[in-house]
Amino acid sequence: MTTFTVLAIVAVLAALGVVLFSSPVRSAICLVVNFFVLAFVYFILNAELLGITQIIVYTGAIMVLFLFVIMLLNLGGPQAWKERREFRTVLGFGFGAALAGVIASQLITHFREHSRPFADDGYGSPQAIGRVLFTQYVWPFEVASVLLLVGIVGSILLAKRKL
Amino acid sequence: MYNLLAQTDGNGLAKRLAEAFPPPTIDWPSILPIALVVCTGIVALIVEMLRPRQNNNAIIGFSLVGLFFAGLSLTSQFASPDLESFGGMVLRDRFSLTIQLLVVMVTGLTILFSDGYLRAKRIPFGEFYPLVLWSASGAMMMASSKNLLMIFLGIEVLSISLYVLAGMSKTETKSEESALKYFLLGAFASAFLLYGIAFMYGATGSLHLDAIRSAWNPNDEAFRNMMLFGMGLMLFGLAFKAAFVPFHQWTPDVYQGAPTNVTAFMAAGSKIGAMAALWRLLSASTTNVDLGATFQSYWMPALFWIAILTMTVGNLVALVQKDVKRTLGYSSIAHAGYILVGILAHVNNPEKVGIGTTVFYLLSYSLMTIGAFAVVSLTAKNGKEGTRFEDLHGLWKRSPFAVGCLIVFVASLIGIPPTSGFFGKLMIFNDALASDLMPLAIVLAVNSVLSVYYYVGIAKAAFVDAEGARTPESAPMNLGLAATCLLCAGGIFAVVILFNPLMNWLVGAP
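Those protein sequences? They're chains A and B, same order as listed.
Residues 330 to 492 (this note's numbering) make up the first sequence, in order.
Residues -3 to 506 (this note's numbering) make up the second sequence, in order.
Because the hints were derived from the structure by calculation, they are not lab data.
Treat the hints with caution; some may be incorrect.
Chain B is faced by these chain A residues, among others (derived, beta-carbon under 7 Å) [unchecked claim]:
hint, residue
1, 347
2, 351
3, 455
4, 460
5, 468
6, 474
Cβ coordinates follow ideal geometry from the N, Cα and C atoms, glycine included.
Put together the whole structure using the sequences plus the hints.
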């Protein structure tokens, strides 16, 4: 429980950092931290593969792309971006809180019923996923590799300037 | 199954997993055609690196040989029994084999006339051929599975290759615009399709269409609503890919901007794939009456009106177009409507109406569409291409053979008796009457008359003398293009003359 508390505090702080920092690079780095810590939350819930995937896909691939794009766009120094006070802000907050309330009211009752909020041993483990992937889903798995190949060749064809 | 895993103590895990997920039955021949096409694409890419500079003949030759063997492996399975393998992911039945054969044929015809055109447009990229082959493999996957996961993956393989191919002519803004529009709208439609699949899965716990069909229960309200919502979203996605009105807005722009050979493949290959997936989905979404309200009683009225709209809007808007490729684009929308009538007729009354009509119409539609686009591709020269009606002027003096073929294609698109287009429409008309879809049959007949005007306009443009030609003289005929025209025009008559043996061979009994 203490592990979870520490991780949760870090995750929430990082999430706040994403919103509150005015420099996009800092926001993006905070998002990296948030995703990374989230992966550890998955680990303590017994979902190793989900955690590893979270690190590889989100922290590794997607966030690096985010940073690349931000740096390539060359936004310059953080600009003072004054938020105007108007009724729309209040309205936005209202709707946001309402949405959070709706989602929470649906989720919390389900969570309360469970005394052990973590997965059983072996459920969603790398062995189990691997087994399913290479028995029942072997053909879609191969087809997905064709899809990736199409993506690679296609992007090269579109990007290269000279023959 | 998961309780089994829950008791695992590490050592027994592998054994328990092996019991829970046994290796699936594997039937290699049923994936051989797709594997052949994909591998031909991969090897063609390597040939592209090794070839002498700017000479694509080796790639073309290799691709055509690969397609030939894929076709051979398909026809050799015609006598084999129907079966599902790879855990229900691959299905071999008559419909899947026939549709795959059509896709292979369409790809071969497209590749055959591409080289001269790409050279004239100054975009002779060797990567074109592997991408077309992979795109074709996507359409083949869509036809050869009853699993929604495979249908989705097939659509993605098909479309992502096409997004790239549409933007292949990078110096032209039109081509870039076409690729971007197609990509954005296509990604949007894919998302809808996937969302629909997720709802189906949520309602039934399966991605397999047979399992989904047997789970149908109209009396459970929550279940019914989820299924209907999922079905609606899936139909949205597929209707986009097949270009039904009102999901057709992208079609004319994309068809006009993409390189003409890509447009030909898009109009034929991509449509065959989308229609095959739609056919699978719809024929699996019919249920018995004894359960109460049938599944089809919910979506049939919607598709009935979509079919009417697609035929009518496609033809009406085509009347006022000034660009040949846009006209043919709207014409392909109208033809999608005719094919939808055929599919609905089958779904409405599967005992009386078989798959023969849809297959025959797709075959004849592919031949005439690819042929027409092949002739239009003659207007490209020195990196420029004019596709307005004026740009066809004087074509009959420069290449009378192409114009002769164009007349055949136009006649078939209109549906003038000795051509396959006429027999295709007649079969759809009869089927619609046979399965109590009289209004659709009437709309179809009226639309065929409407379409005469703009099709004749295309043929007429080729006969007008060029006065102060706006674009440079079009490229001379080349061997590949002549072969494509000859095959398409010959095919249009051959499928009529050999109708009975052909249909017996393709679909069993017609």
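Hints and how they fare:
| no. | hint | result |
| --- | --- | --- |
| 1 | 347 | violated, 25 Å |
| 2 | 351 | violated, 31 Å |
| 3 | 455 | violated, 11 Å |
| 4 | 460 | holds, 4 Å |
| 5 | 468 | holds, 4 Å |
| 6 | 474 | violated, 10 Å |
Consistency note: the structure conflicts with the earlier hints numbered 1, 2, 3 and 6.
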